[in-house]
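Sequence order for the protein chains is A and B.
Just so you know, the working numbering puts 122 at position 122 of the first sequence, and the rest follows in order with no gaps.
Every number in the working numbering is 352 more than the matching position in the second sequence, counting from 1.
Treat each hint with caution, since some may be false.
Stated by the list, open to error - Among chain A residues calculated to face chain B with C-beta under 8 Å, some are: (1) 64; (2) 80; (3) 85; (4) 108; (5) 109; (6) 203; (7) 206; (8) 214; (9) 223; (10) 227; (11) 231; (12) 242; (13) 245; (14) 351.
None of these hints come from the bench; they were simulated from the model.
C-beta atoms are modelled at their ideal positions from N, C-alpha and C, and glycine is treated no differently.
Single-letter residue listing:
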Amino acid sequence: MQHHIRLAAALAVATLSLSACASADAPAANGPADKLVLVTHDSFSLSDGILEQFTEETGIEVEVQAAGDAGELVNKLVLTKDSPLGDVVFGIDNTFASRAVNEGVLEKYVSKDVTDAEAAYLLPADQGGEELTPIDNGDVCVNVDHEWFAENDLEEPVVLDDLIDPKYKDLLVVEAANSSSPGLAFLLATIDAYGDGWQDYWASLIDNGAQVDASWSDAYYVDFSGPSSEGDRPLVVSYASSPPFEVPEGSTVAPTGALLDTCFRQTEYAGIIAGTKYPDDAAKLVDFLFSPIVQNDIPESMYVYPVNAAATLPEGWSDFAKIAENPFSISPEDIDANREQWLSEWAAIATP
Amino acid sequence: MTTVRPRIAPSTTVAVVLGAGVPIVFFAVFFLWPVGAMVVRGFGDGIALDVLTRPRTVRLIGLTLGQAALAAIITTVLGVPIAHVLYRLRFRGRRFLRALIIVPFVLPTVVVGVAFRTLLREGGLLGFLHLDGTFAAIMLALVFFNIAVVVRTVGGAWENLDPRQEEAARVLGASPARVMLTVTLPRLAPAIIAASSVVFLFCSTAFGVVLVLGGTRFGTIETEIYLLTTQFLDLRAASVLSITQLVVVVLVLLVAGRLRPKRGTERGSSVARRPRRADAAAISITIVTGLLLALPVVALLARSFQTADGWSLGNYIALGSTGSRNALSGPVWEALGNSLVIAAAATAIALVIGTSASLILSRRPRSIGLRRGILALDGVLMLPLGVSAVTVGFGFLITLNQPPFDLRSSPILVPIAQALVATPLVVRTLLPVLSAIDERLRESAAVLGAAPLRVLRDVDLGIVARPVLAASGFAFAVALGEFGATSFLSRPDRPTLPVVIFRLIGLPGGDNFGMAIAASVVLATVTVMVIGLVERLRVGTVGSW
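Chain A on its own, in the form it takes in the complex:
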């Protein structure tokens, strides 16, 4: 391979210099930045004009670079440590935070605007507490099709234990923990809930006819019985923010809901990428992501809850998208240490 690399480099310089016109902007001095690169997961989205407000305030343009899901995002940062992809990262969640911190891809900075009201979202000190600013959070919960249970005159399940009750046989569809992020979140919920007994719980869940689909869209649109889906299973692992989408326009009754005692909380963080040339400007961008301007826009743009206590929720959210009071959670360190082990044990039980 060394050979190829050398060959490639030689030929490269010789012939393809035409592509050099797309060369980098590399002002070496630490003056103010003209432009910051914000590296995100690919669900990142804000309404038109929001990032422009940052440009108006600071004179700095923001270029957004999507880099896959949360896992891919962190891995890309790790692989490109010597030549960073950008200045600020958004979208590292609590399941991958530990890896990002341990690999040293983040500068030490937490937004100075975080108050006691948001302190609960901060990570433990050695697991990202000094590097990551919480931006949003969302719960992954079992969603229930109210209409189905009403029609079939069956009481809705409430807690995880209910899901292995024969009363609810063949009614649940979940996503695979090794190919879907809500799937992983649900697995983590069960691990927090049952501790060492989680393998038995999963064996019972599968015995009770739980279907395991590869992706969220499969589970939600093919097997779930909700109003916009084709399937016949009235229970699906989805987000706490999914039900508002199923409310018909003008209606005040939600056809689906989230079982709030089955939720795992995912919090997403922003941080400064180690090696940036503009740490001071990058800090301003992190502060901006935490500011009410962005925080108020987050629910409608990314379907998750803002972290900032000063942010306001859009209409309908307080009615249809409730927040779990005691969601399950596992420390980033534990997740990072056990991820592979858990997933392979899970695969052996759920996808024999």
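Place chain B on chain A using the hints.
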């Protein structure tokens, strides 16, 4: 041997320079370097050969090979009769059908996965078959996606087959079946083998289809590399599997090369004829397969007109918007525009690289060293079909980060990645035709005083003009439908249509789902229109040479 041995035709020298230089540089920079760098990085802490002895890995390698081989065989067996019907028989609408057959090839995997599972699940239209989550379901989907590869590659070669040999055999009393088996199929062998090996490679790196339809019980080397790289960051294991993929590809190419006859397809001008009784078998296979292919497509079409208010154009009208609750950063039409521009750029790159590579690959120089070099180049060009998009994508990140290749955030990377996948198809379409050019044609042109470049232009390029058009349509379709690498590299402000569809189908709410389906229908329709247009151009070129 009374004649003087002719020296190597001068056009060969020109072809070598043009043909070898451009593709070698392109593949070295955008494929070998990134993939090599990833593998080297993984081997940094020692080679994790133990991965290969894990029962799970052994099972996945077996599954990958078995599934790709079976899918390639089924696709070929069904595809060849269809190629016969669509390219040798004359009937109304055949040109339309030729364009239509490309539809499954460009539909986004995630959408097809949903469509298939909606049909196959318990209670679905085909629920009684009990195929949901089975190996057979994966097979159906792989055939669905790849049949166009066989039909178009073999059909293109068939169209250029001189029918006089068949006619002679018939006159001498051979039955139509015997003519087919002993005269026609052997002459088509290069194209058939080329097509099946491409299908094999596509299937061996299949990712979404396997996951969605296999219900997570099945997997491939590809799904494992994805898991190891993107979730576990276990590059040591991923590197070993990447090498395994490379070995598989090389073995397949060696076998295919061995099976492939030394000479390419002969060229003649064949005229499509009216269907005869002897075509009954091929026609029935075409109709039955056609109906099976149509089922998921029709189901999607029907779904695209369903809205909360019943049947309407609502989903299509919504494509002008940014989705319910601003799901997207721009209207879907904008994404279609991005897709067309990017795919056009990718096609241009693939044609330049593919045509120049084919020119050199079609030569049979006397020097054994050169001949081996040509064979090696042939193999290298096929590699991107069989190597993980994840490995290539991560490889881009760690290599293309300094001048003159500081391209990580450049928009040019998307068409380049698409071109990597499209180029092998261009080569496999052009090569059989170019290999068939009688060297004497070039030599006599040279003897008659034509300069090397003129020989190249009038002989080689003149003859490939028609196949180049066919290849460009195909390359365009590949680029338009490409998702794996594109989603990895595309910029949020310039998403392609498949990326937007993926985003829409990942959000709750009937209107977003409806838009995703409608957008898929638009993607398929646009592709059919482009391919149809190219077919027309091809007809136009017949008279010019």
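Cross-check of the supplied hints:
no.	hint	verdict
1	64	5 Å, holds
2	80	5 Å, holds
3	85	7 Å, holds
4	108	22 Å, violated
5	109	23 Å, violated
6	203	16 Å, violated
7	206	12 Å, violated
8	214	4 Å, holds
9	223	7 Å, holds
10	227	7 Å, holds
11	231	7 Å, holds
12	242	4 Å, holds
13	245	3 Å, holds
14	351	5 Å, holds
Taken one by one, the earlier hints fail for this structure at numbers 4, 5, 6, 7, listed in ascending order.
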